[in-house]
Every structure is written in C-alpha cells, then in structure tokens.
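K.L.:
End of the sequence shown = 314 in full-length UniProt numbering, gap-free, step of one.
Think of the hints as simulated: they come from the structure by calculation, not from any bench.
Beta carbons: idealized from backbone N, C-alpha and C, even for Gly.
Please note that the accuracy of each hint is not assured.
What the hints assert, rightly or not - Pairs of lysine to any residue residues, derived as SDA-like cross-links and limited to a Cα-Cα distance of at most 20 Å, are as follows:
id	residue 1	residue 2
1	8	20
2	156	166
3	298	208
4	87	208
5	247	151
6	68	148
7	156	282
What the hints assert, rightly or not - Taking CB as the label site, the calculated pair distances span:
id	residue 1	residue 2	range
8	34	81	27 to 33 Å
9	251	291	32 to 38 Å
10	198	48	23 to 29 Å
11	19	201	30 to 36 Å
12	294	76	39 to 45 Å
13	83	153	24 to 30 Å
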Amino acid sequence: MKGVYTEKIRDINHINMLKSVLDVINVTLSQQIHIERFHDNGEGVDRTYNVYKIISDDKTYILKKTDKYEVEVYEKFLENKNLPVPKLEGWAYFNNVRWILIEYIAGTDLRMFNEDMAYGCADSLSRIFNMYWQKNDFKDNELDNRFERYWTRINKRSKCLINEQKLFSAYSVFLDRQLVCPRTLCNGDFLQCNAIESNEGIVLIDWAFAGIMPYSLDIARLISHGSEKFFPFPFYMTDEYREIFLKSIYDKLLYKPDYKQFLWDVTLSRLNECIEFIERELNDESLERDEGFTYYYKNAEALADIILNGKDQF
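Please construct the entire structure, taking both the sequences and the accompanying hints into account.
P.N.:
Written as structure tokens, this is what we have:
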C-alpha cells in the first residue's frame, strides 16, 4: 500500500466525539454513519491525519480539523463561486477545536502526474487566478493579511542562507520581486497530493494556507517537488509535463506579465521552494543531510546561477 488510504475508526469514544462535532455543524445524516480516517505512507513514513471520511447513506463528506484561516478562505473567497474546489457544507467550533465539513471528491491525487493532469491543473488554477487577480494596487485592494504573514516567513527563511553567499544573493532577488509581483488567490500548498483528478476536472483541496499572494507561488510549488526517478520523493513529474503546464496556464491567464517575466517569476519562486526544503538542515548542522537535501541543494544552486545571470537569458 502506497500513498493515501483510509482505515475505519473502531474506538467508540473517538466515534462519539466526531458525531458530536457533526451534531454541532448541524448537517443532516442518517443514524448509521461510517467513519474512516485518512493516512498517508507515500514518503515511507505512515502519517495519520485529523481528516475523516464520513459516509451516510448515499452521501460522503470530508470532516477535517482546521483553523480559522481555512474557514475564512472558504467563506470569503471560495463559497458559491463555481470554482474547482470542494463545496463547504459547514463548520463548527467544538472543545476549542475548529472543524470544517466539505464535499468529498471522488478520484485520485496527482502523484502519478501525466499530460492530462498538466492541462487540467492549468485550467483549474487559471480559473481561480483570473477571479482574484490584482496588479500593483495592493494597499487599496488587499483582501486579507496573508501576504504579511508570508513576507515575515520568507524573510526569516533568508537567515538560513547567511553562510551561503550565492544562494543568499539569488534569494534576495526573489525577496525584492515579492513586494511588486502581481497577486491573486493562491492555495499556498499546491502539491500534487493536494489536488484530485475527478470527473469534473482537477479539484484543489486543503486551503489552510491560502490567501492573496504572488501568483507564481502555486505554479512553482506544483512543478518543484516531482521527480522522474521518484526517490526520495513521493511524486512523479517530467520536464515535458512541467512545460505543458507552464505554457497552458500562461495562455489561460486573462491578466499576466509578458512571458519572459512570467518565467522569471516562476524561477524565483522555484528557488524559494528549494530553500524551504533545506532550511532546517542549513539552520542546524547537526541534522543529517540526506538524498532529499542533496537534491534540493543542487537544484537551488542551479536556479541561483540562472537568477544571478539575469532574466535576459529567458
């Protein structure tokens, strides 16, 4: 068994707690419901999530432990917008914990990425981007404070590069661009495991890190963490599929910079993705630097070379 799977919950106290949450949400369910918990062993370590599949008669839902930000994103940006996201069924604050109930989307995630997924991701993401695209009037048109939290985080991240002069110089170019890069609604964690290929197309799930942020972040995150050789990664992606996705989403954007600037923005954000995944090891030399570190460090150096040579090469 590899990837996401579910197991039936048998502990009666756990079941009763979840039923109490559902009662507070006030969703209509049958007396007999079936509850399964989500697990993921796609990276070689079995992870258990506070995410549950709720089956009641012919209806299926996802119940998820979350925070106020995901609820706010749904209510402010996603609810009743005809966007490729699960429908919000309700939410509750129970025992000092916030829970969200959303539509269950039948299908598979994008770990085994292919050409159809590349086109589908471009279609779905562009629909969201086009609805919330902003240019440079951020002070007058800010819809949330997500950028401020993101800005604090990436400036803190830059400190891990204090002994990496080339990476630090390239990352400084990335930081400068973030202040003026066009923004839109981003998922914030658009990994291949956070989207479902369904009968209706690609549906983006997990909106806990979403908000109005530079558009290139979601694009870069999708294409930065897959490998044609897989190990040490749980995702599959080829350069051909990356190129299809990039060209397709650019074509579908209603508002956009020129193509050279678009590629430059994505390149800068890809550097940020690499630095994020080696940040802990750079901050703590006692941590083991495994194959994953080597992969991201090598890619970060290659991206830094491109950035420091300037965008004229695009």
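K.L.:
Next, verify each hint and record whether it holds.
P.N.:
Hints and how they fare:
1. 8 x 20: 18 Å, holds
2. 156 x 166: Holds, because 18 Å separates the two Cα atoms, which is no more than 20 Å.
3. 298 x 208: 30 Å, violated
4. 87 x 208: Judged against 20 Å, a Cα distance of about 15 Å means the pair holds.
5. 247 x 151: It is violated: about 28 Å lies between the C-alpha atoms, which goes past 20 Å.
6. 68 x 148: OK: residue 68 and residue 148 at ~17 Å, within 20 Å.
7. 156 x 282: 13 Å, holds
8. 34 x 81: 27 to 33 Å: 31 Å, holds
9. 251 x 291: 32 to 38 Å: The hinted range 32 to 38 Å holds for residue 251 and residue 291, with Cβ atoms some 36 Å apart.
10. 198 x 48: 23 to 29 Å: 25 Å, holds
11. 19 x 201: 30 to 36 Å: Because 33 Å falls inside the window, the suggested range holds.
12. 294 x 76: 39 to 45 Å: For residue 76 against residue 294, whose Cβ atoms are near 41 Å apart, the range 39 to 45 Å holds.
13. 83 x 153: 24 to 30 Å: 26 Å, holds
Checked against the numbered hints listed earlier, the structure breaks hints 3, 5; every other hint is satisfied.
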